[in-house]
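Asks: Residue-level listing of the chains:
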Amino acid sequence: MDKIVIRNLDLFYGNFQALKNVNMNIRENEITAFIGPSGCGKSTLLKTLNRMNDLVEGCRITGDVLLDNVDIYGGNFDVNMLRKRVGMVFQKPNPFPMSIYDNIAYGPRTHGIKKKSRLDEIVEGSLKAAAIWEEVKDDLKKNALRISGGQQQRICIARALAVEPEVLLMDEPTSALDPISTAKIEDLVQDLKKDYTIVMVTHNMQQATRVSDKTAFFLTGEVIEFGNTDDIFSVPKDKRTEDYITGRFG
Amino acid sequence: MSRIIRFLVRFSALLTFGVLFFIVGYILFRGVAHLNPSIFEFEYTSDNVSMFPSILTTLMLVALTLLVATPIGVFAGFYLMEYAKKGNKLVEIVRIAEETLSGIPSIVFGLFGMLFFVIRLGFSYSLLAGTFTAAIMVLPLIMRSTEEALLSVDDSLREASFALGAGKLRTIFRVVLPVAMPGILSGVILAIGRVVGETAALMFTLGTATQLPDGLLSSGRTLALHMYMLSTEGLHVNESYATGVVLLVIILLINGLSTFLSNKLTKGR
Chain L
1 MDKIVIRNLD LFYGNFQALK NVNMNIRENE ITAFIGPSGC GKSTLLKTLN RMNDLVEGCR
61 ITGDVLLDNV DIYGGNFDVN MLRKRVGMVF QKPNPFPMSI YDNIAYGPRT HGIKKKSRLD
121 EIVEGSLKAA AIWEEVKDDL KKNALRISGG QQQRICIARA LAVEPEVLLM DEPTSALDPI
181 STAKIEDLVQ DLKKDYTIVM VTHNMQQATR VSDKTAFFLT GEVIEFGNTD DIFSVPKDKR
241 TEDYITGRFG
Chain H
1 MSRIIRFLVR FSALLTFGVL FFIVGYILFR GVAHLNPSIF EFEYTSDNVS MFPSILTTLM
61 LVALTLLVAT PIGVFAGFYL MEYAKKGNKL VEIVRIAEET LSGIPSIVFG LFGMLFFVIR
121 LGFSYSLLAG TFTAAIMVLP LIMRSTEEAL LSVDDSLREA SFALGAGKLR TIFRVVLPVA
181 MPGILSGVIL AIGRVVGETA ALMFTLGTAT QLPDGLLSSG RTLALHMYML STEGLHVNES
241 YATGVVLLVI ILLINGLSTF LSNKLTKGR
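Protein chains in written order, with the working numbering: chain L, 1 to 250; chain H, 1 to 269.
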């Protein structure tokens, strides 16, 4: 089933066109990877899916982005509700300067959950889902900035999961991490796919082949090729895709 | 060459310290001996030249000034950094006003305060006129430190909050404000220091009455003004130095408090 459908999407920053006529269907419970050189628009498209681009001044969008067949740019679509359904993990781990517990509970509290027992449940469940519960269960009161970068990133994933999203957007989630932490997060992403639809921007092509089901290759704001990851990396249809994945540019 | 530079750098550092040490030492040397119990008596008379009413007046003026200037300065800072769009005309106007205000010598504030609050609005020399004048004076200070504090809050924290579906208000109160708090507070404490040490802006607005003000429309004098008056009158120069000692101690306490507060607030981070 298609979770997200993008149709004829153009995006402008002022006069600069950052995305050109993007069309893409993102399927439920699959991992879709966006690859391409820097500045190709892959992060921009990711941020379009939870309307984080609204925060950028001079950003203008035409075309449709449908989540479960409803246009998220439609007039009466609640942005905060959208972002609850479409969670995001950022490139650099960005935990709030508060305790691990409060980090995870921030989202649920935002959406009106106040009961301590319920929050305890959510915190434990989210930390378990993000495969970090065993490491921090005795330190929930500890400030989240005092743990390692790899752990911080998993805290951020747990924080995103705590609001029970349907889609998880990940913007180069391992680019700031060491190889061991990266491997942990890649394993985690594989597990999460059972329950979530995941869209991941990555600079690392091995990562895309390791974790994703579908891959989209971007170049200067256009989707050059989109299809099964296995096909893209073994028999690319477009010459430019081939050049990129064999390391001839980018 | 590097030895010359090293010498110059050391010399400058020592000179700065030396000057401070000399001033503090000199005031202590001249003042401590004259810290008699009589200059702390509750009532001022021309014999005891008590500074006690001035200490209380200083506290009152500081409290009132902060009450007026802190909310306005902090809200204005929040407007500029969190709400206004870039390139907004109003932002430019507010910025220009802020920069101009912070560059104006304090005697000009005093003159304005006298012409506007004291005469035009008929407050006469009073706590109220002094409060408004001092508030205008410290407003840019509080605004600027609020802006700097907000600027230092990493945008990735705001993004994280928005991405969880939090609205603007929640993001500001739960995420931005706690991180910016030490910076905002240090601006407020700087403002306290500025008011405590001010004379020129207050002489013709708060006035120089020796007794404790008995209401908002009554005049008084702050410690710094008291010290200034004693030394210009020339009859109680020793007591003036004693007042200086008390003023110094207060300033040191304020600085200590500011360091303590910002350490306390940034701890656990």
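Incorrect hints may appear among the rest.
Beta-carbon label-pair distances, calculated as ranges [to be verified]:
id, chain 1, residue 1, chain 2, residue 2, range
1, L, T62, H, L101, 27 to 33 Å
2, L, D120, H, L14, 55 to 61 Å
3, L, D78, H, D155, 55 to 61 Å
4, H, S262, L, K239, 57 to 63 Å
5, L, G227, H, A97, 17 to 23 Å
6, L, D120, H, L151, 46 to 52 Å
7, L, F16, H, P178, 24 to 30 Å
8, H, G87, L, G74, 25 to 31 Å
9, H, S2, L, T246, 25 to 31 Å
10, L, G74, H, K86, 38 to 44 Å
11, L, G58, H, F11, 34 to 40 Å
12, L, T246, H, L90, 38 to 44 Å
13, L, F16, H, I5, 43 to 49 Å
14, L, E28, H, P178, 33 to 39 Å
Here are a few chain L residues that sit away from chain H, every Cβ distance over 12 Å (derived from the structure) [said to hold, decoys possible]:
id, residue
15, M1
16, N21
17, L55
18, I61
19, V70
20, D78
21, R118
22, G125
23, P179
24, F233
25, P236
The hints are simulated quantities; they were obtained by calculation from the structure and are not laboratory data. Virtual Cβ for every residue (Gly too), placed ideally from N, Cα, C.
Asks: What hints, given by number in increasing order, does this structure fail?
Replies: Hints 1, 3, 5, 6, 7, 9, 10, 11, 12, 17, 20 contradicted; others consistent.
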